[in-house]
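With the hints as constraints, model all of the structure from the sequences given.
Residue numbers (the numbering used here), protein chains in the order written: chain A, 1 to 248; chain B, 1 to 278; chain C, 1 to 282.
These are computed hints drawn from the structure, not numbers from a lab. Backbone N, C-alpha and C define an ideal beta-carbon position, used for all residues, glycine too. Where hints are given, some of them may not hold.
Claimed, not checked - Listed next, the in silico DSSO-like pairs over lysine-lysine satisfying Cα-Cα at most 27 Å (straight line):
#: 1; chain 1: A; residue 1: K179; chain 2: B; residue 2: K245
#: 2; chain 1: C; residue 1: K187; chain 2: C; residue 2: K160
#: 3; chain 1: B; residue 1: K218; chain 2: A; residue 2: K12
#: 4; chain 1: B; residue 1: K276; chain 2: C; residue 2: K95
#: 5; chain 1: A; residue 1: K12; chain 2: B; residue 2: K245
#: 6; chain 1: A; residue 1: K209; chain 2: A; residue 2: K233
#: 7; chain 1: C; residue 1: K189; chain 2: C; residue 2: K143
#: 8; chain 1: A; residue 1: K196; chain 2: A; residue 2: K209
#: 9; chain 1: A; residue 1: K160; chain 2: A; residue 2: K196
#: 10; chain 1: B; residue 1: K72; chain 2: C; residue 2: K108
#: 11; chain 1: B; residue 1: K276; chain 2: B; residue 2: K72
#: 12; chain 1: C; residue 1: K9; chain 2: C; residue 2: K187
#: 13; chain 1: B; residue 1: K72; chain 2: C; residue 2: K95
#: 14; chain 1: C; residue 1: K187; chain 2: B; residue 2: K72
#: 15; chain 1: C; residue 1: K108; chain 2: B; residue 2: K276
#: 16; chain 1: A; residue 1: K200; chain 2: A; residue 2: K160
#: 17; chain 1: C; residue 1: K9; chain 2: B; residue 2: K276
Stated by the list, open to error - Going by beta-carbon spacing under 10 Å, a handful of chain B positions derived as facing chain C:
#: 18; residue: P86
#: 19; residue: V87
#: 20; residue: E123
#: 21; residue: Q125
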Amino acid sequence: MLFGLLAFGVLKTPAEHHLLEEERACGFQLAQVNNNTRAQLGQMGFIAALSGFRAVMADFLWIQAGNSFESTDWARLEVFLHSATQLQPRAVVFWEMAHYHMAYDAAIAVKGDESRQPNQALRRRAEREFHQIGEGFLLRGIQFNPDNARLYECLGNLYKNRMQDHLKASQSYACSAQKPGAMGYVRRFAAFELAKVPGKEQEAYEQLKELYLEGPQQRVPTLLTLLKELEQKLAVPEDLRVSNPQNP
Amino acid sequence: MALAHNTFLELVRQKVFYFLLLFALLIIGSSLFTVEFSFQSPLQVLKDVGLGAMSIFSWLLGLLCTAMLLPKDIEDRTLYTILAKPVPRFEYITGKLLGVFMMIGLSILLMSVLFAAVLGIREQQELAEIARITPVEELEAALAAVRASAFQWNLLAGVALIFLKAALCSTLTLLLSTFATSSVFTVLISVVVYLIGHVQGIAREYWLRPGEVSLLVKGGIAVMALLFPDLQLFNVVDEIAIGTKIPLDLFLQVTGFGLLYTVVYFMVAQVVFATKEL
Amino acid sequence: MKTPAISIKNLTKEFSIPFRTERLRAVRSLSLEVPAGEVYGLLGPNGSGKSTTMKILLGLVTPTAGSTEIFGISSRQVESREQVGFLPENPYFYKYLTGLETLLFFGKLCGQRGSELADRAAELLKVVGLESASDRRLSGYSKGMLQRIGLAQALIGNPKLLVLDEPTAGVDPAGSHQIRDLIVQFKEKGITVLLCSHLLSQVQEICDRIGILNEGALLLEGRVNDLVSAHNQTELLLENATPDFLNEIERRAAECGVRVLDRRMPQRDLERFFLEVTRNKS
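Encoded structure:
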């Protein structure tokens with residue numbers, strides 16, 4: 001009987017592995033339980049996470065993260081956010097909130113907290129580190145949810161508002177625009193950011209023009225102003241300028 | 001069929017359904033919690049707890065009921081009375097198992113109905129709350145978001161796999177109890193198999209990684225992977241609950257796998273029981 | 001010649017003992033035949049192989065050697081059990097079923113259905129005197145009632161052979177008496193009965209033939225009357241006999257060469273006494 005079961009096992013194990021790969025391809029079974037997460041869950045929690053209560057354990061870690069947030073214990077917060085996102089990597093909210101807590105809440109807090117770090121240069125460095133941690137959350141989140149427009153949009157916002165990397169911001173917005181459910185404004189944002197990159201003005205101008213020609217729904221004040229600025233900067237001939245009311 | 005019905009009746013008339021009361025408390029308790037975490041979609045915790053509990057409870061229910069069936073019949077000598085009738089042993093085992101399946105099915109049905117009801121009520125509350133605080137132009141989108149986070153038909157596929165996993169584990173338990181001498185042993189081994197079944201996916205990956213582990217550990221993992229089912233394959237409901245769609249052909253493959261396991265364990269149980277000295 | 005109800009040929013059963021090489025021989029080349037219509041008592045001390053023999057007969061245990069047949073069909077075949085009703089020792093049945101449900105359940109196992117089964121169950125409840133308790137769950141039944149529902153259950157499939165293992169163990173005398181009467185009734189209906197018991201007085205009362213097992217082998221077999229009657233002895237039972245009259249008899253006996261072995265007041269049968277007292281109370 002044992003031989004029979006073993007023989008069956010020899011046949012079934014590769015099939016099982018194949019099926020697991022297939023589930024992964026469809027967005028299942030992506031959670032990872034590493035030693036860190038395991039330590040936080042404790043033995044019981046670890047077992048529970050493995051046997052049907054994984055999402056609940058992720059929620060539990062998320063609540064713990066909330067407590068750390070309230071006590072502004074940023075290092076602890078990061079660890080909990082990390083574990084929660086690992087356990088439930090398909091929860092877009094987790095990634096989004098995790099990056100926000102790090103790159104905005106924590107970064108801004110350490111930047112202004114003179115009581116903990118009197119040296120301004122070190123405070124600036126800590127801020128940048130939290131920006132990178134936030135960026136890391138978003139990048140991993142995108143790995144697990146490659147079709148999510150929202151995470152790319154957040155990434156664009158992060159590069160634009162916090163890290164002042166306009167090229168990357170533009171690229172992120174452009175990626176977001178290609179995903180299902182993208183916001184209408186991300187294409188414009190991609191062009192706006194590109195315009196801020198030295199040497200990319202011509203490219204940015206082409207994009208803005210294309211958007212302008214799509215119709216009145218794209219002709220928001222920022223776009224019109226920027227278009228005019230670029231036309232002057234690039235010295236576009238008067239009869240080719242889209243901002244000129246005489247041109248069709 | 002008389003046996004299946006009777007087994008079902010046996011389980012119903014014993015107090016197994018107190019289990020479900022616990023489930024009800026858990027669901028209702030966690031539904032009160034949902035308000036607290038506005039970061040998350042408001043019904044997510046409720047859904048996670050509900051589905052997690054369903055998964056664990058259906059397994060535990062199946063395990064405990066199955067583990068005591070045979071030993072109890074042997075101890076009470078009811079087994080003798082039944083097999084002294086013109087009942088083939090094959091039919092006896094089949095009947096017992098079908099009875100357990102019916103019971104698991106009914107429990108999952110009851111849990112699902114309760115779960116859906118609580119979810120529905122919370123959804124309505126949430127909708128009303130949002131309608132009150134959200135400006136008109138964003139209302140449509142906000143309401144749609146809540147609706148999307150509440151009940152989706154996709155969840156039924158996840159619940160079906162929960163049933164399948166419980167059925168598989170029950171069959172395995174029955175197989176164990178055909179040669180085990182006590183129900184404590186059966187329960188213990190079955191729990192161990194359940195746990196190993198869930199970690200073996202991880203173990204397999206260690207195995208595939210070159211060089212990191214010793215040969216001995218590799219051998220152990222190989223035997224484990226061959227002997228035990230990978231139960232993690234059936235845990236897809238968590239992802240479904242946050243909106244991942246399960247394609248039909250994947251669902252069918254997983255279902256097929258579950259059925260294959262169930263049939264194999266069932267047949268082995270038949271063989272063992274057919275030659276058992278009572 | 002008619003096929004015997006039970007036929008056991010050279011039956012041997014060995015059990016292996018865990019962690020030992022030697023094997024336990026529960027039954028040693030036992031041969032036995034019970035003709036149809038007879039009440040056969042299988043006697044023996046505990047561990048003598050009675051239960052094992054019965055289990056083999058019912059197909060619950062496979063023999064190491066030899067064979068058993070019921071009305072000519074091997075015990076290994078499921079069909080052999082169509083003619084048998086079995087009452088195990090201390091049966092529990094399903095406590096959560098009522099008396100009626102128990103009979104319906106076992107009836108279904110015998111392949112009966114519908115109104116035919118319902119009628120049969122009602123009739124049997126009447127036979128064993130449990131009509132009034134038919135809607136109560138077995139958890140509320142007394143020991144005697146359980147044995148009687150057990151008998152009814154054994155009869156549900158209209159068997160031609162009844163196998164009863166200690167049918168009166170743990171039952172009070174009144175209940176025991178009832179069960180004995182039932183067995184006698186079955187016999188009158190032509191049902192063959194195999195009775196295992198160590199309540200010898202009862203066996204003596206109802207069995208036609210007995211076999212005595214010890215350590216798995218048949219020590220003795222024969223008709224009850226033949227086995228226990230002392231052919232050269234006679235009991236006289238007298239009423240109002242004066243001592244003088246009794247002395248007279250003894251003297252007369254001595255003259256004829258007859259030895260008087262014992263002279264005593266007859267003991268009242270304790271069972272009968274008990275039954276009279278309890279019956280008067282209720």
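query = So which of the earlier hints does this model not fit?
reply = 14, 20 and 21
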